[in-house]
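Asker: These are the residues of each chain, in order.
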Amino acid sequence: MAFALETKDLTIRFGGHVAVNAVSCGFEPGTLTAIVGPNGAGKTTYFNLISGQLKASSGKVFLRGKDISGDSAATRSRHGIGRAFQLTNLFPYLTVMENVRLAVQSRAHVGLNLWSIWSSHKDLIQKADEVLETVALTAKRDMAAAALPHGDQRKLEVGILMALEPDIFMFDEPTAGMSVDEVPVILDLIRSLKARRDKTILLVEHKMDVVRELADRIIVLHNGALVADGEPAEVIASPIVQQAYLGVEVAP
Amino acid sequence: MILQRLFSGDMPRSKVLTVLLLGILLALLLTPFIFPGAKALNVAAKILIFIVLVASFDLLLGYTGIVSFAHTMFFGIGAYGVAIALTHLGPTWTAVAVGAACALVISLLLSLVIGLFSLRVKALFFAMITLAVASAFQTLASQLSDLTGGEDGLSFKVPALLMDGFQKMIWDADLQQFLPHPRMIFGVEVNGKFVAFYLLAAATLVLFLVMLRLVNSPFGRVLQAIRENAFRAEALGYRVVVYRTLSTMLSAAFATLAGILLALWLRYNGPDTSLSFEIMIDILLMVVIGGMGTLYGSVIGASLFILVQNYLQDLMKAASQGVSQVPFLKDLIHPDRWLLWLGILFVLSVYRFPAGVVGKLRMRARRTT
Ligand SMILES: Nc1ncnc2c1ncn2[C@@H]1O[C@H](COP(=O)(O)OP(=O)(O)OP(=O)(O)O)[C@@H](O)[C@H]1O
Ligand SMILES: [Mg+2]
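Top line first, the protein sequences correspond to chains A and B. Using this note's numbering, the letters of the first sequence correspond one by one to residues 10 to 261. Using this note's numbering, the letters of the second sequence correspond one by one to residues 824 to 1192.
Please note: incorrect hints may appear among the correct ones.
Said to hold, decoys possible - Distance ranges between label pairs, derived from CB positions:
1. B:Ala861 <-> A:Thr147: 19 to 29 Å
2. B:Gly913 <-> A:Asp151: 54 to 64 Å
3. A:Ser188 <-> B:Ala946: 35 to 45 Å
4. A:Ser67 <-> B:His911: 37 to 47 Å
5. B:Val1029 <-> A:His118: 50 to 60 Å
Unchecked claim - Straight line, CA to CA, 25 Å or less: simulated BS3-like cross-link-like pairs of lysine-lysine:
6. B:Lys945 <-> B:Lys980
7. A:Lys64 <-> B:Lys838
8. B:Lys1153 <-> B:Lys1140
9. B:Lys1153 <-> B:Lys869
10. A:Lys149 <-> B:Lys1183
11. B:Lys862 <-> B:Lys1016
Unchecked claim - Here are a few chain A residues that sit away from chain B, every Cβ distance over 10 Å (derived from the structure):
12. Arg92
13. Ala112
14. Gly120
These are computed hints drawn from the structure, not numbers from a lab. Yeah, the Cβ is synthetic: ideal placement off N, Cα and C, and Gly gets one too.
Isolated chain A, as found in the complex (with noise of 0.2 Å):
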């Protein structure tokens, strides 16, 4: 089957530090894979040579069979790379409305419409409200963004992702930082996405219990290398992931 997403040796060095080391991962489309590895494994690193925020020192990534490694974050976005970041990257002082409402005019390509009223376009901000209502913000949509509660800004997060529709989605801790009671609206939104199994989903998430329910498959970074992957009940009973997870120690 062919892959919707893959990265062939993906490799990035900072300095003498090699962050992610040599990666090579095909993502068959319509399943949810999880990342998952310790803090400073690379995961975010990974995520951003995908979505073009870094080049890669060496190595590619294929889009559907293309190669992309050459074109930068605006045009991976354009073409269906989607992005919802681990620190909450938002546009801080427009309204949550207007946050959606601009990754919902991208996707509708009429940024470069100079002459049209953008309230005219009832269409988008339809749209928006939309998104707004499936990550529970509709109360707070005419609110500046950096005065939202942390939770509700990881929300927004993902209601920007959500209003790109693309085919590959990246959510790199979605629900970090959460109270308990905001959690499920998030994982209610991927479990629906990966229902309909036309979307490409990759998750990092440090929640063992929520990969274990939500993943395909999961992968398992240390150091910037590609250390295990498979079936979840496999990758979680190895040794690595019990020892980065769970604080077992196990014998060499």
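On the provided structure of chain A, position chain B with the ligands as indicated by the hints.
Answerer: Frame of chain A, contents of chain B with the ligands only:
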């Protein structure tokens, strides 16, 4: 509804602001009738021209978040374009068109080059580059004195309509019989300056509304997104370079148009009227006082600043004479100190209204509703 479209859905959103803007509009439009004298008319014309100039700078600084010191360069290119064309080709509208077209092309090319720089380098470095380019241009303009008149500048004739041709047109067309007092309206002589003033006012209004549309278009919203978080805008699929470059070019084009209006109004252009860094500082202050990222701020900022600049000295002279018996106070408000007081006023206004007058008024209106 028509009003909404005209203002691109971006109404003043504050009663006080609406009243202020209407007041300024009326005062400007009625200047020839209610404020006699050449000085008042010149001040009003300068306000009109600077509304366009300051608004075009706000497009860049307030909406896109790009700090550039090359803005007066584009203003100067517009003024010099028309000045040189009228000097060498004679006072015809063709000359105006040729000068304006050349100026616009030069400005667009220069701003394209400058704009393409804007993403590759850090904001501070970009500001330095614009400073260097602008001062190189200033030197160039004074060196090429055969073309530009050097430090003395150029005085020239403008097309007849803007001189006294309006009267002649009426007489030539034998229209005077239909007008009760063809030379007068409400006791004010309809001369070239009168016609030029109203054409200028119309041009300002149109240019302002066009800019208001640009900042309220989907494109304008992307500019604001880039100002807030360029990294995220890029991640959403917006090519930040393209948007920044377009914003730089549009802003340069409107500054050039303001320069063209300036030259046509003054019938003179020199380095001090359109190119100097003093003007650059002035428009920076006007944007900040009015409120960055609110196009209406340019109207408030330009009006306030130019009024104070022109009348503070007079006011202080009167006040200083009034207290001529009080030794210390007399010196403190001596007209020679007007720059000091302008500085104090500026610091106070930025301190009191960090979001500018418009920002403050809108915030207050939001709180009360
Ligand atoms: N721009 C950069 N310059 C230098 N070093 C970097 C840079 N980005 C990441 N690193 C380093 O690369 C390593 C991997 O970082 P990364 O953020 O990818 O880890 P992570 O797996 O996402 O960790 P966490 O679970 O804490 O989010 C770290 O040692 C980090 O310090
Ligand atoms: Mg990370």
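Asker: For every hint, state whether the structure bears it out.
Answerer: Hints, one by one, checked against the model:
Range check, Ala861 of chain B to Thr147 of chain A: Cβ separation about 59 Å, and the 19 to 29 Å hint is violated. Checked against the hint of 54 to 64 Å, the C-beta distance between Gly913 of chain B and Asp151 of chain A comes to roughly 58 Å, which is consistent with it. For the hinted restraint 35 to 45 Å between Ser188 of chain A and Ala946 of chain B, the CB-CB distance of approximately 37 Å keeps it satisfied. In this structure the hint that Ser67 of chain A and His911 of chain B lie 37 to 47 Å apart at CB is violated, the actual value being about 60 Å.
The beta-carbon spacing between Val1029 of chain B and His118 of chain A, approximately 29 Å, falls outside the hinted interval of 50 to 60 Å. Between Lys945 of chain B and Lys980 of chain B the alpha-carbon distance is near 44 Å, which puts this suggested pair outside the 25 Å criterion. A distance of roughly 51 Å separates the Cα atoms of Lys64 of chain A and Lys838 of chain B; the hinted pair therefore is violated under the 25 Å criterion. As the CA atoms of Lys1153 of chain B and Lys1140 of chain B are separated by approximately 10 Å, the hinted pair is consistent with the 25 Å bound.
Distance restraint check for Lys1153 of chain B and Lys869 of chain B: the Cα-Cα separation of roughly 31 Å exceeds the 25 Å cut-off, and the hinted pair is therefore not satisfied. With a CA separation close to 23 Å, the supplied pair Lys149 of chain A and Lys1183 of chain B stays within the 25 Å bound. For the hint pairing Lys862 of chain B with Lys1016 of chain B, the CA-to-CA distance comes to about 12 Å; that is within 25 Å, so the pair holds. For Arg92 of chain A, the requirement that its beta carbon stay farther than 10 Å from each beta carbon of chain B is not met, with the minimum near 6 Å.
Not every beta carbon of chain B lies more than 10 Å from that of Ala112 of chain A, the smallest distance being close to 5 Å; the non-interface claim is violated. Taking the minimum C-beta to C-beta distance to chain B, about 5 Å, the non-interface status of Gly120 of chain A is violated against the 10 Å cut.
Hint violations for this structure: numbers 1, 4, 5, 6, 7, 9, 12, 13 and 14, all remaining hints satisfied.
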